[in-house]
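Undergrad: With these hints in hand, go ahead and build the complete structure from the sequences.
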Amino acid sequence: MSDLLGLLGRRVPANARRVVEICADDLPEYAAAASDPREYADMLDFAVFIRRRTIDLVAGDEPLTDDDLAVVAATGERRGETGLSRTALRRLLALHASATLNEIQEASGPHDLPVTMRVLGWLGPQGAAAQQAYTLGFLKGQKRFLPVVARVRQFAEMVLAGEAAALAGGRDLGIHVPDSYQVVVARVPDVDAETSAEVVHAVWHRYGVPATWCAPDEFVALVPVEPQTDAAGLIRDLAEITGRPFATGTATGPAAALSEAFALARRVSRVTRVETAPGYLHTAADVFLELGAADLPEIDRWLHHLARRLTGGPDLVGTLDAYYRHDLNRVRAATALRIHPRTLDYRLRRVHELAGIDPAGTHGIRVLSTVVSRVLAGR
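In numbering that gives the first Met the number 0, the protein residues as written are 0 to 378.
Accuracy of the hints is not assured; some may be wrong.
Listed next, the in silico EDC-like pairs over lysine to aspartate or glutamate satisfying Cα-Cα at most 20 angstroms (straight line) [what the hints assert, rightly or not]:
id	residue 1	residue 2
1	Lys142	Asp171
2	Lys139	Glu156
3	Lys139	Asp65
4	Lys139	Glu80
5	Lys139	Glu76
6	Lys142	Glu28
7	Lys139	Glu28
8	Lys142	Glu156
9	Lys139	Asp41
10	Lys139	Asp66
11	Lys142	Asp55
12	Lys139	Glu38
13	Lys142	Glu80
14	Lys139	Glu162
15	Lys139	Asp171
These are calculated hints, taken from the structure and not from any lab test. Since the model is a prediction, treat every value here as computed from it, not as a measurement.
TA: Structure (structure tokens):
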């Protein structure tokens, strides 16, 4: 008969000490807190508590109680109050989960398979519930030292990463979490840290929209689909504050699972044109040819080669851009370029000579409009 639970119970004190040591060795922030004897005692007490409760509840085939989750949340809150970063929090939770699985593996013998599977089956949903409670407590603890805008930025990052506690944490911040978000990505080069912070602050206070910078040149905003928010106004403010030309991309997805929408909006932003004041938020439908080309290295190289050929003529890319933006109307395109229609005709002939493709033909429109978009997107 299996004695797995009994063996795990006898090993609780040693396993608890070991997991605290593992976390302290791996995380300098955790180690700094653990250097305080009272904090260390609290960490050890929690490691003992969660292991004993796991054994008791698995034996009775019961879930974590509200009181159990309250203890977990209080521990997370304490870590938030001590200034643990969110990056360290994610690592801390991963280390605890990994240590628990290692402890089960070490204690399991050849006759323990049914009980081992029972323990693992319990840990799946209950471990997720405990991690969410710990994270919510952590977010609550951060209120003591983290400004509201910084917490809003953190909320946006957590939602984009698909972290389960994000939506509940947002409601605690006073954020109305809609069913769906329009993810807006803007590629803005050469923005300093002060301006980046100003943009996030302005977007939150003017529109109530959570936003962040996922890279020094990548601004991301979560615009609620319902109630409708002025995304175009948000983009105008971004242009005004940064004073930089940029490209945009957008996609919509459920608030609880935004990773796909974020990835698509990001891809769209990388193939759309860079503009001083973008007047339109591009979607995948607007640039599906460019997206397809970007996914095929051979096509990507061919289009790059065509683009290099066109740089050998007098502003041929700008000419094609005006020509296509004015629906192949020569007179309107020439007027926009401030040149004579015959000059436009000459440039179009030059395109034909250099690229070997008629810019007014169906094939030419498909290929050369993609080339133009790539060049104007900075690719």
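Undergrad: Do the alpha carbons of lysine 139 and glutamate 80 lie within 20 angstroms of each other, as the hint requires?
TA: 8 angstroms, holds
Undergrad: Can the restraint linking lysine 142 and glutamate 28 be considered satisfied, given a maximum Cα separation of 20 angstroms?
TA: 18 angstroms, holds
Undergrad: Straight-line Cα separation of lysine 139 and glutamate 76 no greater than 20 angstroms?
TA: OK: lysine 139 and glutamate 76 at ~6 angstroms, within 20 angstroms.
Undergrad: Would you mind confirming whether the straight-line C-alpha gap from lysine 142 to aspartate 55 stays at or under 20 angstroms?
TA: Outside the cut-off at roughly 34 angstroms; violated.
Undergrad: Can the restraint linking lysine 139 and glutamate 28 be considered satisfied, given a maximum Cα separation of 20 angstroms?
TA: This hinted pair holds, its Cα atoms lying about 18 angstroms apart.
Undergrad: Taken at face value, is the distance from the CA of aspartate 171 to the CA of lysine 142 at most 20 angstroms?
TA: Holds, at about 11 angstroms.
Undergrad: Are the Cα atoms of lysine 139 and aspartate 65 separated by 20 angstroms or less?
TA: Holds, at roughly 17 angstroms.
Undergrad: Take the C-alpha atoms of lysine 139 and glutamate 156, compute the straight-line distance between them, and say whether it is at most 20 angstroms.
TA: 17 angstroms, holds
Undergrad: Lysine 139 and aspartate 66 were given as a pair; does the straight-line alpha-carbon distance stay at or below 20 angstroms?
TA: This hinted pair holds, its Cα atoms lying about 18 angstroms apart.
Undergrad: Against the 20 angstroms threshold, does the CA-CA distance of lysine 142 and glutamate 156 hold or violate the hint?
TA: 17 angstroms, holds
Undergrad: Against the 20 angstroms threshold, does the CA-CA distance of lysine 142 and glutamate 80 hold or violate the hint?
TA: 8 angstroms, holds
Undergrad: For lysine 139 and aspartate 41, compute the direct alpha-carbon distance and say whether it is at most 20 angstroms.
TA: The hint holds at about 18 angstroms.
Of the hints listed earlier, the one the structure fails to meet is number 11.
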